[in-house]
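Participant: One letter stands for each residue in the lines below.
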Amino acid sequence: MKAIIAGALVLLAAAASAQPPDLTGVWAPYRGGRGADPKLAPPPATPLVLEPQYAGPFEARRKAEADAAAKGAPIASGAVACVPYGMPRMMSVALYPIEILPTQGQITIVAEAFSEVRRIYMNTPQLPMGDVPPGYYGRSVGRWDGDTLVVDTIGIKPTVPAYQNMPHSDQMRISERLRLITKDILHDTITLDDPIVLEKPVTYTLAYRRMPGYEMVEFVCDNNREYIDDKGGTHLKVRDR
Amino acid sequence: MSRAILRRMMRLTSVFLLAGLLHHSFAMFDTTKTVTLAGTVTAFEWTNPHAYIELDVPGDNGAVKHWTIELGSPSILQQGGWKFKDLKFGDKITAIVNPLKSGQAGALLSRITMPDGRVLGNGPGAAGRQ
Chain A
1 MKAIIAGALV LLAAAASAQP PDLTGVWAPY RGGRGADPKL APPPATPLVL
51 EPQYAGPFEA RRKAEADAAA KGAPIASGAV ACVPYGMPRM MSVALYPIEI
101 LPTQGQITIV AEAFSEVRRI YMNTPQLPMG DVPPGYYGRS VGRWDGDTLV
151 VDTIGIKPTV PAYQNMPHSD QMRISERLRL ITKDILHDTI TLDDPIVLEK
201 PVTYTLAYRR MPGYEMVEFV CDNNREYIDD KGGTHLKVRD R
Chain B
1 MSRAILRRMM RLTSVFLLAG LLHHSFAMFD TTKTVTLAGT VTAFEWTNPH
51 AYIELDVPGD NGAVKHWTIE LGSPSILQQG GWKFKDLKFG DKITAIVNPL
101 KSGQAGALLS RITMPDGRVL GNGPGAAGRQ
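Those protein sequence lines, which keep their order, are chains A and B. Sequential numbering from 1 applies to the first sequence in the working numbering. Sequential numbering from 1 applies to the second sequence in the working numbering.
The reader is advised that the hints may include incorrect statements.
As the list claims (entries may be wrong) - With a straight-line cut-off of 20 Å between C-alpha atoms, the simulated PhoX-like cross-links for lysine-lysine are:
id: 1; chain 1: B; residue 1: K65; chain 2: B; residue 2: K101
id: 2; chain 1: B; residue 1: K65; chain 2: B; residue 2: K85
id: 3; chain 1: A; residue 1: K237; chain 2: B; residue 2: K101
id: 4; chain 1: B; residue 1: K65; chain 2: A; residue 2: K71
id: 5; chain 1: B; residue 1: K92; chain 2: A; residue 2: K71
id: 6; chain 1: A; residue 1: K231; chain 2: B; residue 2: K101
id: 7; chain 1: B; residue 1: K65; chain 2: A; residue 2: K237
id: 8; chain 1: A; residue 1: K231; chain 2: A; residue 2: K39
If you are wondering where the hints come from, they were derived from the structure by calculation, not from laboratory data.
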């Protein structure tokens, strides 16, 4: 009898240790730099290497952006017109938190900025690349690999901004590995691969800290006073009174 | 530490903070310049993607100049200690701002002294560091 109970306890312990970590809750960006613990801050990204035909225009655009900013009319991103970021940028917008909501067969992530929502379907096969209509969030499927949540996302349309505003095609694949570094620090290591635009995949890591008790703030973009001129520059509408 | 180094550090701190506050580039504003505006609030809009203070500022000759001051979003301001009912029509405030490069009477908030004497920044950690 004792042996049976001991065996059952061992099985229970094994089952408990196989449970994936609980990521439920609100997480705020945890950035490196002043005041950050270097052991918890995200490691450096790998270099961004574009195919030669995309590298030149990308650098030219960066220079144009710098010139426009110096003149006080920065080149507008979609966000200036209150267009949401989409994937992968929605995972890290300034200081805005994200909320992770696991439910049966699905993990939903809500980003506070622009109230963006993405859904990760668990233990479900990914569709072929051409079967997902290109959009802002594409289609995400996930699975647990030990203590790591592995997510695959495809179907992001080329106008949706990506890492460092790099160009990308609708063939871009986003691979994520989310893992708790400590009880309250989460890392999301993101690899972007694009057989058309990137010479090799680029990998960067986002870090988050748990925000117990934080209540997500609504974000409805109903008072956008910035406007974009016919050259793409951003301006502020000021009022007379 | 020399004043020049201190000024440079303040400017870098300002740029670092701003980069975290805004949903767009802050290059519309001249972050190397500050203007102090003491005036009367005509509107406080707790809205997205930004909150705004509309401010009447009396000049030396008695004429009133109106300013539009852009702030971070409610989420970012809340993280810095702001509340949606912190300001109302008629309140007297003093704001230190970065003006628009265009020369229009618009600006980005850097620091504000509220009617009750509290000093707040334009997001978490901004007050008292500049």
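Participant: Does K85/B sit within 20 Å of K65/B, going by the straight-line distance between their CA atoms?
Facilitator: violated (25 Å)
Participant: For the pair supplied as a hint, K92/B and K71/A, confirm whether the alpha-carbon distance does not exceed 20 Å.
Facilitator: Answer violated: K92/B to K71/A is near 33 Å, above 20 Å.
Participant: For a C-alpha distance cap of 20 Å, please report whether K231/A and K101/B respect it.
Facilitator: Answer holds: K231/A to K101/B is near 17 Å, not above 20 Å.
Participant: CA of K231/A to CA of K39/A, is that 20 Å or under?
Facilitator: Between K231/A and K39/A the Cα gap is close to 44 Å, so the pair fails against 20 Å, i.e. violated.
Participant: Keeping to a limit of 20 Å between CA atoms, is the pair of K65/B and K101/B held or broken?
Facilitator: With Cα atoms ~18 Å apart, K65/B and K101/B stay inside 20 Å; holds.
Participant: Within a Cα-Cα threshold of 20 Å, do K65/B and K71/A meet the stated pairing?
Facilitator: Not OK: K65/B and K71/A at ~25 Å, beyond 20 Å, violated.
Participant: Can you confirm whether the C-alpha distance between K237/A and K101/B stays at or below 20 Å?
Facilitator: Given pair K237/A, K101/B holds - Cα atoms ~13 Å apart, limit 20 Å.
Participant: Keeping to a limit of 20 Å between CA atoms, is the pair of K65/B and K237/A held or broken?
Facilitator: Satisfied, since the Cα-Cα distance of roughly 16 Å is no more than 20 Å.
Of the hints listed earlier, those the structure fails to meet are numbers 2, 4, 5 and 8, in rising order.
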